[in-house]
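Participant: Could you build the full structure based on these sequences and the hints that come with them?
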Amino acid sequence: MRRYRNVTRISVLVLMVFLVYLNRYEKKAGQLGAEQEISDSIVLSAMDRVLAAENKPMLFRGDFEGGLWSLRIFALSLSDPLAFVTSTTAARTISLTLLLSVLLPTVFILIGGRFFCSWICPYSLFAEAGTGLRGILRRVGLEYFTFDLPRPTAKMFLALSVILGAILAVPVASLIYPPRLITEGVYHLVLTGTVTAGVVFLIFLWLGEVVFSPHLFCRRVCPGGALFTLMGRYRLWRVERVDSLCDSCALCNRVCPDDLDPAAGEFPGECDNCGLCMDVCDGRDQHALRYVWRWPGRRSRKEAA
Amino acid sequence: MTKRQFLKSLAAASIPVLALASGSWYSLKRIIPGLKRPPIRPPGALAEAEFLSKCIRCRRCGQVCPNETIKYYDGLDPVMAGTPYIVPREKGCILCMKCNNTCPSGALQPIADDGEEVLKHVRMGMAVVDRNICNSFNGYVCGVCVFACPYDGLAIYAEAWEQPVVTDKCVGCGLCEQVCIHYPQAIRVMPIEEEAVV
Chain A
1 MRRYRNVTRI SVLVLMVFLV YLNRYEKKAG QLGAEQEISD SIVLSAMDRV LAAENKPMLF
61 RGDFEGGLWS LRIFALSLSD PLAFVTSTTA ARTISLTLLL SVLLPTVFIL IGGRFFCSWI
121 CPYSLFAEAG TGLRGILRRV GLEYFTFDLP RPTAKMFLAL SVILGAILAV PVASLIYPPR
181 LITEGVYHLV LTGTVTAGVV FLIFLWLGEV VFSPHLFCRR VCPGGALFTL MGRYRLWRVE
241 RVDSLCDSCA LCNRVCPDDL DPAAGEFPGE CDNCGLCMDV CDGRDQHALR YVWRWPGRRS
301 RKEAA
Chain B
1 MTKRQFLKSL AAASIPVLAL ASGSWYSLKR IIPGLKRPPI RPPGALAEAE FLSKCIRCRR
61 CGQVCPNETI KYYDGLDPVM AGTPYIVPRE KGCILCMKCN NTCPSGALQP IADDGEEVLK
121 HVRMGMAVVD RNICNSFNGY VCGVCVFACP YDGLAIYAEA WEQPVVTDKC VGCGLCEQVC
181 IHYPQAIRVM PIEEEAVV
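Those protein sequences? They're chains A and B, same order as listed.
Using my numbering, the letters of the first sequence map in sequence onto residues 1 to 305.
Using my numbering, the letters of the second sequence map in sequence onto residues 1 to 198.
Since the hints were derived computationally from the structure, they do not count as laboratory data.
Heads up, some of the hints might be wrong.
To be verified - With a Cα cut of at most 30 Å, we get these calculated BS3-like pairs of lysine-lysine: (1) B:LYS29 x A:LYS27; (2) A:LYS28 x B:LYS91; (3) B:LYS169 x B:LYS91; (4) B:LYS91 x B:LYS3; (5) A:LYS27 x B:LYS120; (6) B:LYS71 x B:LYS8; (7) B:LYS71 x B:LYS3; (8) B:LYS91 x A:LYS27; (9) B:LYS71 x B:LYS120; (10) B:LYS71 x B:LYS169; (11) B:LYS71 x A:LYS28; (12) B:LYS3 x B:LYS29; (13) B:LYS169 x B:LYS8; (14) B:LYS36 x B:LYS8; (15) B:LYS71 x B:LYS29.
As the list claims (entries may be wrong) - Okay, the calculated bits of chain A under chain B, using three or more residues with CB under 8 Å as the criterion: (16) 67-73; (17) 251-259.
If you're wondering where the values come from, they're calculated on a predicted model, not measured in any experiment.
Every residue gets a Cβ at the ideal spot worked out from N, C-alpha and C, and that includes glycine.
Facilitator: Right, dumping it as structure tokens:
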């Protein structure tokens with residue numbers, strides 16, 4: 001599963017960078033006209049060579065814009081549900097456009113729970129790389145202490161930041177939300193070449209995670225993760241354990257980035273459907289863990305058997 | 001959730017939340033009121049306090065802007081960072097009404113792309129002429145600002161010797177400030193403190 005997730009996450013990151021470049025290219029081509037070549041950036045001039053073979057877009061089309069935080073594809077506007085929660089509570093009014101744009105993502109999260117965290121969010125890519133780096137450090141002999149926070153910390157962070165955000169009238173919870181920071185980081189890096197404070201924060205966060213506790217932020221702090229935990233409690237697409245095939249080796253518990261207990265068949269809202277537990281299980285040829293579609297009320301297969 | 005777990009998670013979560021909230025509070029109470037000039041927001045923006053709470057900092061208005069007018073704060077200030085603003089001297093707004101129609105959060109209220117509607121609803125600021133340095137008031141006939149104005153005759157008109165007079169119909173697009181041939185600019189868009197007329 002990890003291979004597929006790497007494909008989706010890296011392509012999401014590449015697509016985000018590409019969208020900003022496409023946006024810039026269209027504006028630039030519109031400003032300069034068809035005859036002039038664009039040569040102020042390597043990527044833009046490469047795009048110019050590819051696209052100029054066709055007919056150059058003379059006008060700024062603007063079919064796509066945004067990133068992971070809020071995106072527009074033609075007329076379809078999509079936003080993160082956390083954007084709705086923070087903006088609505090801070091402003092104390094419901095914006096209809098924002099409500100409409102979070103509908104589709106909300107449906108996906110109701111179906112897939114925290115799948116956004118492990119399949120789409122680029123920060124989880126770095127967080128998992130940090131886990132791997134930590135493993136290498138351990139083998140070399142450099143290991144610092146590991147600590148963990150209690151499980152309700154993420155929900156507590158979300159609740160507190162929403163309350164304080166409503167008092168201050170500032171969307172506090174979204175200030176350190178990695179998908180948003182990556183979106184704006186890409187935007188500024190491509191267009192102006194500046195590194196935003198959010199990106200610096202993410203770099204230090206990542207280094208801290210490598211040294212002290214890999215994947216800690218996603219697991220215990222991230223307000224988006226907490227929101228999707230609440231929304232995805234009765235998700236349809238989930239990991240399930242088949243009792244008859246499990247030999248209780250509990251290797252899955254050791255790899256679980258969310259500190260859950262897959263060996264006991266425990267998959268609450270915190271499970272982000274990443275499938276790392278399935279990978280180790282399949283590696284041992286047990287195949288006791290698998291993705292299933294299940295309605296909330298229904299009994300699972302293991303109970304029926 | 002046990003009581004012990006509750007208290008521990010409360011303590012753990014309150015550290016980052018309080019750090020962020022106190023940063024925001026400091027920005028709202030100290031940094032923003034002390035700004036030399038309050039920012040000029042894109043057309044259709046709500047009043048400043050409401051705008052800051054509603055804007056989700058998605059940067060879509062800047063991407064849809066065909067003129068690359070809209071800029072973003074990218075400093076450490078947690079409240080201002082990521083919000084759009086306009087520097088009319090660098091680039092004025094061409095009033096295409098794309099940014100406020102794409103805004104997902106409602107911080108920029110949608111306005112129809114129509115001359116009458118724009119004149120009625122857009123109040124990004126108000127142009128103010130500095131008569132001490134304006135060429136037309138100092139012996140050189142100029143009138144560039146009047147020619148640049150999309151609502152010339154309505155929002156700004158020229159008296160004798162092309163001396164510009166700004167009326168209260170000015171939408172604050174800043175095209176006059178952008179083209180002003182005097183350095184520093186003799187006509188400036190000043191932000192309006194009162195609520196936007198949307």
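Participant: Would you list, in rising numerical order, the hints stated earlier that this structure does not obey?
Facilitator: 1, 4, 6, 7, 12, 13, 14 and 17
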